[in-house]
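Could you build the full structure based on these sequences and the hints that come with them?
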Amino acid sequence: MTRNKTYIADIERGLYDQRDPFTYAHKTEQGLTSEIIEEISNQKNEPQWMLDFRLEALDIYHKLDLPPWGPDLTELDISNIITYVKPIVERKLTWDDIPHDIKETFDRLGIPKAEHEFLAGVGAQYDSEVVYHSIQESVAKQGVVYLDMETAVHEYEDLIKEHFMSLITPNLHKFAALHGAVWSGGSFVYVPRGLHLEIPLQSYFRSNAPGAGQFEHTLIIVEPDSYLHFIEGCSAPRYSVNNLHAGAVELFVREGSTLRYSTIENWSRNMFNLNTKRALVDKDAAIEWVSGSFGSKVSMLYPMSILRGERARSEFIGVTFAGTGQILDTGAQVIHAAPYTTSNINSKSISKGGGIATYRGLIKVNEDAVHSKSTVSCESLILDNESISDTIPVIQLNTDEIDLGHEAKIGRISDEAIFYLMSRGIDEEEARAMIVRGFVEPISKELPLEYAVEMNNLVKLELEGTIG
Amino acid sequence: MSVLLTEKLNTLPRLSNRWLKINHHKFSGSILLPSKPYGKDFLPDLADGKILLEKIQNAQVATLVPAIKYGVSDQAVKLAEEHSNGGFFLEIPRAHVQKEPIHIKYHLDDLDPVLYDHNLIIAGENSSATVVIEFFGDQGEFYHNGVTKIFAEKGAQITIIKVQRLSDSSVHLDSNYTELGSNSGVRHVQVEFGSEKSITNYLALIGVQSKALVDSMYLGSGERTLDLSYHMIHTGYRSASNVLVKGVLKDKAKKVFRGTLDFKRGAHLADGNEEEYVLLLDPTVKSDAVPLLLSEEDDVLGGHAASAGKIDPNDLFYLMSRGLSIEEATLVLIKASYQPVLDLLPLNLRQSILEDLHQRLVI
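Quick note, the sequences are listed as chains A and B, same order.
First residue of the first sequence? That's 1 in my numbering, and the numbers climb one at a time after it.
First residue of the second sequence? That's 1001 in my numbering, and the numbers climb one at a time after it.
For the record, the hints were derived by calculation from the structure and aren't laboratory data.
Ideal Cβ positions, reconstructed from N, Cα and C, are used throughout, including at glycine.
You may find that some hints are simply not true.
[Claimed, not checked] What follows is a set of in silico ranges between Cβ atoms, one per label pair, in the way DEER data are often shown:
id, chain 1, residue 1, chain 2, residue 2, range
1, A, Asp368, B, Leu1043, 48 to 54 Å
2, A, Phe419, B, Leu1043, 52 to 58 Å
3, B, Lys1252, A, Glu35, 50 to 56 Å
4, A, Phe419, B, Pro1093, 45 to 51 Å
5, B, Ser1169, A, Glu56, 46 to 52 Å
6, B, His1358, A, His196, 56 to 62 Å
7, A, Gly194, B, Gly1029, 39 to 45 Å
8, B, Asn1314, A, Asp368, 22 to 28 Å
9, B, Ser1325, A, Gly194, 51 to 57 Å
10, B, Ser1352, A, Phe419, 26 to 32 Å
11, B, Leu1020, A, Asp158, 33 to 39 Å
12, A, Asp158, B, Lys1252, 24 to 30 Å
[Stated by the list, open to error] Rough simulated footprint, nothing fancy, chain B against chain A, three-plus residues with beta-carbon under 8 Å:
id, segment
13, 37–43
14, 362–375
15, 390–398
16, 402–410
17, 422–428
Set out below in structure tokens:
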């Protein structure tokens, strides 16, 4: 029996694949040695403890092996990755001072518009250095600190020293160690006690140089009883050399506060996206992850929530779309480490054109995390029979006073649903597109602002525009 | 003579983070090898003579070989086959319908403390039968390492019931391979009540329009460890599978459930389902579950669900308001949870398992 398949073409990536002439002020030699690390540290004029930290992480990096599980990473030759590329600009305070070509890139991505219209601040990372960083005055007056990491290392040295890579230690895995050694750029956010920040902060990372790695570090501290929504978006133009992104995101959510962390990742399809994200959630606090993974060649991304305070909460909503040649291995990990903690995971994945979408999750309930609740729901949709979808959840329970539900479904677009829509006068292609859009709708409605625009580009073009 | 188990047991078909220590079962120590053939008579007398049931011979083993690797580990399977001191060969002829269950009993005691059984079942076209395989023995330290291979030909309907009630200081390794021909159906019913370490592995190759069912119940108590793996591989179109696992854990018992629904390319319109429910009676238990869902085919339906928790206090309250003590009410609810699997057992076996349950659940 044969069934008709709707062909869904690749997304029009023209906008994201534009590449600028490759210019740089300073570039390290290929490969990774302690001289390179010292050079990076020198360039940034870092304190001695940071250099020591980097060198120690480099040591650990050389000792650790690649993970024996997950996607094959042998294609990734780390000695070919130029770890540090510095564009020819000094850090600017106003948008007008930014060089034309770089500005144009961001213009195309709609960043300044975003700032004018809605956003509190924009941290845009062009290659490894933050070239443009501003924060609306009103927000700064309330005591919110929003800086690039380099500046923060100097201005808030004690805070950074205490928190930097304390959640994601270099020992965690090889790419955490690499990050510790060569990290560059990223954002530091500090929200003071009792502040409810209505408007979201946004940071857009963009990688432009061929063969350059992105190792930005994001550190966010939300003091008690505050609220912050932080949005991170990533894209990179397409090059023939494989790129590597090994960023780290460390989130500290203090008692009674809520942090929403939204990400749209749309790296070009030669990018190895090996990102690590962890949140430490205190008593009565909540972390909300909203995550869209579209781009990259290989993604391994599993945001972890460590619920260490009573009644701490974790929400995860994620959508993964794996197209031709992509292996997107994503998921959510939650560690329940205190009583009355709750977690909710809602993951959706779509694979097509030979893409591999994998959900890899973890729910771990520790001995003392009594009366914890966890609900996991994973749904996957395979659009053709060249593609692969795997669900790999791990559930570890170490106490009896818990309430756990886990559900996963894999399925196709039902003929009944198509028939129903067609009986209402909608043609078959449009009916299929509607169903797929409906499938990801719970996630897309969680994504605010201009990211809706990007989401439009990514989801609608991919699903709707080219069907039929 | 004993042998060290060097390989990882019950390795997952897809690996995950190493620090979780869930990718496989780490078995520390060695297991005894059999020193003599299993001495007791374990085969029933089948009066009508149509069915071939005898102690297994090497020539029979060679006739049918599993298409893929299976079992607790390659080493365990090889040891069970090479050092086999028991086991049977069962051939059910074409279109034969066996009404009475064929009951095979392996009784371990001081005389037979080690059993390596190699069992081979061939179900002819459109035949039908139920086979009960029991492993039991109390008081003593027993070693069981076995393989059971089932080849169900076109249209065959087979039920295998495996009941393991070895002493609480025993080691139980059991590898099961099932190959389902087109339009066939094989039901695997499993009861795990004994052994200090119970490590079982079930793999089914589900062919065109065939149906593989697993109904399993386990009870973990004391400091016992259970590691149960089910791998349902859909190779044929319109193949179906359903895995239902019901468990109860108390004291310091540890359990790992590994269930994989695996849809291979070409298995279009396949339908697979997998559920695990576990009741946790004590805060000291450990319960891990890895329900994998792998698919290479777009036109399939697959679902898995897992739930774990204490006995619902509302249910307890209701039963107690009707005059039951908390112990009685708990027992009623545990039995109710096991009921779908218990219903599949022959009556005498069901009663004896319920008695065991009472004894083990001294709450």
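Pairwise beta carbon distance, leucine 1020 (chain B) to aspartate 158 (chain A), judged against the given window 33 to 39 Å: Since leucine 1020 (chain B) and aspartate 158 (chain A) have Cβ atoms about 35 Å apart, the given range 33 to 39 Å holds.
Check of the segment 362–375 of chain A against chain B for coverage (Cβ-Cβ below 8 Å, three residues minimum): holds (count 4)
Hint check for glycine 1029 (chain B) and glycine 194 (chain A) - Cβ pair distance inside 39 to 45 Å: 58 Å, violated
Distance restraint evaluation - aspartate 158 (chain A), lysine 1252 (chain B), Cβ atoms, bounds 24 to 30 Å: Violated: the Cβ-Cβ distance is about 45 Å, outside 24 to 30 Å.
Assessment of proposed distance window 26 to 32 Å (beta carbons of serine 1352 (chain B), phenylalanine 419 (chain A)): 52 Å, violated
Cβ separation of lysine 1252 (chain B) and glutamate 35 (chain A), checked against the hinted range 50 to 56 Å: 54 Å, holds
22 to 28 Å as the expected CB spacing between aspartate 368 (chain A) and asparagine 1314 (chain B), which holds or is violated: Once the Cβ atoms are compared, 25 Å apart, the range 22 to 28 Å for aspartate 368 (chain A) and asparagine 1314 (chain B) holds.
Range hint compliance [Cβ, phenylalanine 419 (chain A) to leucine 1043 (chain B), 52 to 58 Å]: 56 Å, holds
Hint check for histidine 196 (chain A) and histidine 1358 (chain B) - Cβ pair distance inside 56 to 62 Å: 58 Å, holds
Phenylalanine 419 (chain A) paired with proline 1093 (chain B), Cβ distance criterion 45 to 51 Å: Roughly 46 Å apart at Cβ, these two residues keep to the hinted range, so it holds.
Chain B covers the segment 37–43 of chain A, three or more CB atoms within 8 Å, holds or violated: Three-residue rule not met by the segment 37–43 of chain A, so violated; n is 0.
Assertion that chain B covers the segment 402–410 of chain A - criterion: three or more residues, beta-carbon distance below 8 Å: holds (count 9)
Of the numbered hints given earlier, the model fails hints 7, 10, 12, 13, 17; all others are met.
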